[in-house]
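Asker: Residues per chain are reported as follows:
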Amino acid sequence: MQTKTNLTGRVASIGNGIAKGIARIINNESDLDKIQPQDIMVAPQTDINYVPALELCIGLITEQGGRFCHAAIYSRENNLPCITGVEDARNKIPDGAEIILDTNSNTISLVD
Amino acid sequence: MNTKLQSTETLEKKLEQQILQFEEQEGLSNIIMYVEGNEHLKDFVQKYQNEIRTHQNEWPYNDSFTPTFLGLVHRFHQTSINYVLTATNLFRLLKNSSLSDLSLLYEVAILSEAARGREGKRSKVGLDYQQDILISELFTILNNVWIPEFGDMEEKLNTLVQTVLSRHSSAAELPENYAKYIELCNEVVTLSNLESIDEKSNGLARKLLREFCCYSITKFNKQLFQYREVYAKLKYKADMIANKRYEKIKLTEMIANRIESIGGQATRFLQLIEQIDYLNYLNDNIDVKYSFKSWPGLIHWNVFAKVIQYTGTEVSLSERGRILINI
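Residue numbers (my numbering), protein chains in the order written: chain A, 1 to 112; chain B, 1 to 327.
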């Protein structure tokens, strides 16, 4: 069962449209070790140092950034579903929760 | 335009020469050991960003002029060389500095950062600002000639301006180089095996360490483990990028033909594509390898972090300088 959240932002990359996986809260580069294959990264923003970890992910949510931020560019180039500018995402999405990132409808849902 | 593109390649060579010379003078293992023992390695990029973007800092540079593409290219060129040079000098000084030297080191680091920042993301005359101007002009041109048969305009605009499709994009180069490294060698690097591994990998080990790992072997090995897990994807990714590059060339040709077919001149459109590509290259190659997100930035941050220890976090950069002088 899915619970829709009020989380929304700007769809930076549609990718495959829907990604279902474990949300990993990444506060800074030191947290990147937590990323496992098929995770969805939730971060304030990304930069080149996040790229190897992003290669493992199936989705990306960031709090900051617009159309030409690193997260948006990386996601578009790699066909990765990505929503940027999701306010307070790291506090609203529980670390380790199973979520659905839907770039078709610009929604983020928790799976109960 | 070709002359300018060549000058960027010269810039990259100059920067590489500069840093290779530094490696030779200081010894690669000494640089690696300094970085490995550095408490700031993990989070310095974010901290650096926060520091320069908060406190309403007053930067000692002039930005009251009308920016141009050529002007930016020239300044970016000079600034990149100076930033790396300052980092190599600071590295030497940091090892032996006392508190009384710190205000001087800080002044040098701040001036270097100010020069870099003027060409950066938030500057009124910097690279992103210039990029926005060019993209907005491109948008206007596309808007005037677009026909539904071309597809979704915003999506195609993204294709035209994507960094990965630019020359030598680091976003493409990083995974490509790790894929090559895995094919050629695939061994974990240590200080003692670095020389032999570097030979086996045709110099890729040192190149990756220098350009993408801030000279940290730990970081290199961590990235290697991550890339091993997605190795199969790396091959697919290289093909995907090649396809997208081809798509961009075809799209550019199609739009240029359309402009000419309705009596316009495609020259400016083609020039814009080339200029945007060029700025992407500065942003996604030179900036990634030689700016504040890489080793030179770590060294600048070491000075800032030392200063913050004495002055606390809640003061502006210029205020810190004044406090230091009075210690």
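Bear in mind the hints are in silico, worked out from the structure with no lab data behind them. Bear in mind the structure is a predicted one, so any value in this text is a computation, not a measurement. Built from N, CA and C at the ideal position, the CB exists for glycine as well. Treat the hints with care, since some could be wrong.
Said to hold, decoys possible - Residues of chain A placed beyond 12 Å of chain B at every Cβ, according to the derived structure:
(1) K20
(2) D31
(3) V51
(4) A97
(5) N104
Claimed, not checked - Computed from the model, here is a short list of chain A residues facing chain B with C-beta under 8 Å:
(6) I22
(7) S30
(8) P52
(9) Q64
Asker: Now tell me if each hint is right for this structure.
Answerer: Now the hints, each set against the structure:
1. K20: holds, 19 Å
2. D31: violated, 10 Å
3. V51: Non-interface label on V51 (chain A) violated, nearest chain B Cβ at 6 Å vs cutoff 12 Å.
4. A97: holds, 23 Å
5. N104: Non-interface label stands for N104 (chain A): nearest chain B Cβ at 14 Å, farther than 12 Å.
6. I22: violated, 16 Å
7. S30: holds, 5 Å
8. P52: holds, 4 Å
9. Q64: With a closest approach of 10 Å, the Q64 (chain A) hint is violated.
The structure does not agree with the numbered hints 2, 3, 6, 9 stated previously, though it agrees with the rest.
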